[in-house]
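Given chain A, work out where chain B should sit, using these hints.
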Amino acid sequence: MTEQLRSELRKLRTTRTVPVLLLVAVALALLGAFAEGLSPTLGELAKEDQQRLLIGGAATNAALLAVFVGLLAVTGEFRYGTIRVTLLFEPRRRLVLVAKLAAAALAGIVFAVVCVAVAFGAGLSILAARDVGVALTRTHTLVLVFGPVATSALSAMLGVTVGALIRNQVGAIVALSVYSLAVDALLFATVPSLGRYLPGQAGNALSGLPDAELLSPGLGAAVAVAWTLVFIAMATLRMDRSDI
Amino acid sequence: MPPVLSAIELTKRFGDITAVSELSFELEAGSVTGFLGPNGAGKTTTMRLLLGLAEPTRGRALVFGRPFAELDSPGARVGAVLEAADLHPGRTGRDHLRVLAPVAHVPPSRIDEVLALVDLQGAADRRVKGYSLGMRQRLGLAAALLGDPELLILDEPANGLDPEGVRWLRDFLRAFAAEGRTVFVSSHLLAEVAQTVDQVVIINRGRLVVEAPLAELTARLAGTVRVESARPDVLEAALRRTGVAATERLNGTLRVHGVAADRIGEIALAANVALSQVVTESSSLEDVFLELTAEPRT
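Sequence order for the protein chains is A and B. Sequential numbering of the first sequence, starting at 1417, is according to my numbering. Sequential numbering of the second sequence, starting at 4, is according to my numbering.
Source of the hints: derived by calculation from the structure; they are not laboratory data. Check each hint, because a few of them may be wrong.
[Said to hold, decoys possible] Output of the computed footprint for chain B on chain A, the stretches with three or more beta carbons under 8 Å from beta carbons of chain B:
id, stretch
1, 1425–1439
2, 1506–1513
3, 1557–1570
Ideal placement from N, C-alpha and C gives every residue a C-beta, glycine not left out.
Isolated chain A (complex conformation) (with noise of 0.2 Å):
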């Protein structure tokens, strides 16, 4: 296990997708915070959601690169036929699934350390520039630090079971594209007591993010655990019966 797992963390590190992806996350986390921290007025922005949404918004890109890393993971060993190769010297299909979900999800924490830090960094910086005082809660503060890091790391092991499930690189990208466009995020705009307990709504809820409709970051955190699961069994089934 051990040993596939330190093939897994080489695969994402000897490719440039995994920097890409960082650092596409780092630039949305900069603007995200530039946006929701100079667009306000000052009376807006000293307001304690508002200042959640600022550091929580930019963080949340951390999960959004995140899913692509454990998607282009799976999906770029099918493309490029590296999985047989994979599963000549590791047959057992369900350890490579872990190996793989295990190195996602380290990518992911990886990627919402550095977005949460560049999140709290731009943050707090814009705040002391435009001589707002910080509001936030101690709560909420730690929710903002740890939240992020948790649905970076499940966004990512969910990446995983997608890309596993649909194996078409372009395929996949649409269609995680569109579910998150048009599914998770137009069902909760219009039917919010349903929407909340989508994987998205309820990692922006992990994540600290304010609004009033999201669950509780407890409550969002056993939603997107939940989700993280049944995907994971439905990967694993996948995996499990097909050739390759």
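Just chain B now, kept in the frame of chain A:
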């Protein structure tokens, strides 16, 4: 000791298509076996079944007497290259091997050894997308050799190799087998492997055509006479009556084995069959391969 590789009534269907049908053969240690058949004969599917990448519809595929997935540390026992393209283009050759070193249970120093073995040290730190097909083949082979396996399974390894590369591969495989190890190598061209293999397993349309030592296949070719006549049925019957059973029909042409041309002439004369052509074939292995795997004419 179980055979190194065994297919036991191996069958694989994809929907309505039967890719491999009731295929049985065994490989002994220390031999080089050519796995031959035209494109689409089911060679790659058979290899995937043997390597546990696909599940047989019926039958069993065993490596060292066990299903591939049940081998302990398979990388140390079996090395396989299915397609030269099974490489990430953005990864360097060395990184491809570094990724596999932990799961092959080998130290980093082994990477330089296998790179030297396939003569790829110079290009090891370049990304695979800049590699030629031959270099990809060699990198695939280097990965297969990482765990120092007892069995090599190679699917069309000569594809993309220049003549020098083909010769290098031949020498390499012979040396590998000379150490008592086993090679199972597929090709759609017999000539490509004729100088390398000890025995052949020939399949066509997913079925076994012949499993024989190369020498036996060569011997089988000796003394084939091609006879054309207006009445091949009568001639075939007449040959049979005189005890010549080894005939093959291909439209109006008879191919008769083990009888000299003049004797065939006598039999034809006695049977009152006019012959339009009698040719003693100096057939090559390639001829017999093409004939064995020819599409049946209907």
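Structure-based check of each hint:
no., hint, result
1, 1425–1439, "holds (count 6)"
2, 1506–1513, "holds (count 3)"
3, 1557–1570, "violated (count 0)"
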